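Build the full structure now, drawing on both the sequences and the hints.
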Amino acid sequence: GAGVSQSPSNKVTEKGKDVELRCDPISGHTALYWYRQSLGQGLEFLIYFQGNSAPDKSGLPSDRFSAERTGGSVSTLTIQRTQQEDSAVYLCASSPVRGAGGNTIYFGEGSWLTVV
Amino acid sequence: AQSVTQLGSHVSVSEGALVLLRCNYSSSVPPYLFWYVQYPNQGLQLLLKYTTGATLVKGINGFEAEFKKSETSFHLTKPSAHMSDAAEYFCAVTWGLYGGSQGNLIFGKGTKLSVKP
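Which chain is which? The protein sequence lines are A and V, in order.
Each residue of the first sequence is one higher than the one before, counting from 23 in this note's numbering.
Each residue of the second sequence is one higher than the one before, counting from 238 in this note's numbering.
If you're looking for bench data, these hints aren't it; they were derived computationally from the structure.
Every value quoted in this text rests on a predicted model; they were computed, and no experiment measured them.
A few of these clues could be false.
The calculated lysine-lysine pairs, modelled on DSSO-like cross-linking and capped at a C-alpha distance of 30 Å, are [stated by the list, open to error]:
no., chain 1, residue 1, chain 2, residue 2
1, V, LYS286, V, LYS349
2, A, LYS79, A, LYS33
3, V, LYS306, V, LYS349
4, A, LYS79, V, LYS346
5, A, LYS79, V, LYS286
6, V, LYS349, V, LYS305
7, A, LYS33, V, LYS349
8, A, LYS37, V, LYS346
9, A, LYS39, A, LYS79
10, V, LYS346, V, LYS306
11, V, LYS306, V, LYS286
12, V, LYS306, V, LYS295
13, V, LYS346, V, LYS286
14, V, LYS286, V, LYS353
15, V, LYS346, A, LYS33
Here is the structure:
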């Protein structure tokens with residue numbers, strides 16, 4: 023597609039339920055990122071994928087968070103046993119190469135998660 | 238730790254006035270620098286970026302930014318604000334593969350710009 027596509031755009035879930043958020047990066051982009059944007063917290067890096075390399079999970083806040091990327095393209099971010107503090111906008115981004123040379127990182131519209 | 242600081246979480250200007258949004262980074266290694274804009278209920282859109290070469294960078298919508306290595310700054314400016322500029326602006330840096338970082342974008346906390354008629 024023309025841009026980074028994320029689904030669902032909005033999700034309301036009950037505390038304790040699991041949620042899956044999907045990201046379809048720009049075709050041909052090998053690098054894929056997940057960020058979280060919470061009110062008053064700015065943008066927080068969660069996880070990064072580059073080709074077939076092991077993902078950089080250094081930003082995941084707890085073991086309830088996980089992500090996978092199948093076939094080097096679509097990625098799914100999973101949050102298990104959701105808590106109210108997980109409410110945020112989850113942004114996916116992709117770039118041709120991981121950061122090198124200042125390649126532009128393109129963002130999707132985000133998935134707005136509300137845990138009630 | 239490498240960080241990005243945006244001075245002022247909220248900035249308000251009158252339509253037609255100068256816009257100045259400040260961004261400083263902390264590192265002895267010059268980074269790659271970006272400004273993104275986020276309109277309400279939308280994702281992030283790249284305004285401009287500095288990688289190498291000319292330190293004054295021009296972006297979309299009349300914005301520009303100047304990389305000043307001696308001041309570790311990358312402030313965003315626009316000579317004359319429009320109502321449509323009201324949004325949140327994020328400064329971000331990455332050091333790519335060669336700067337000791339992991340190449341991920343590190344964001345400032347954002348500055349919300351209001352434009353008064």
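Are any of the numbered hints broken by this structure? If so, which, sorted upward? Of the numbered hints given earlier, the structure breaks none, since each of them holds.
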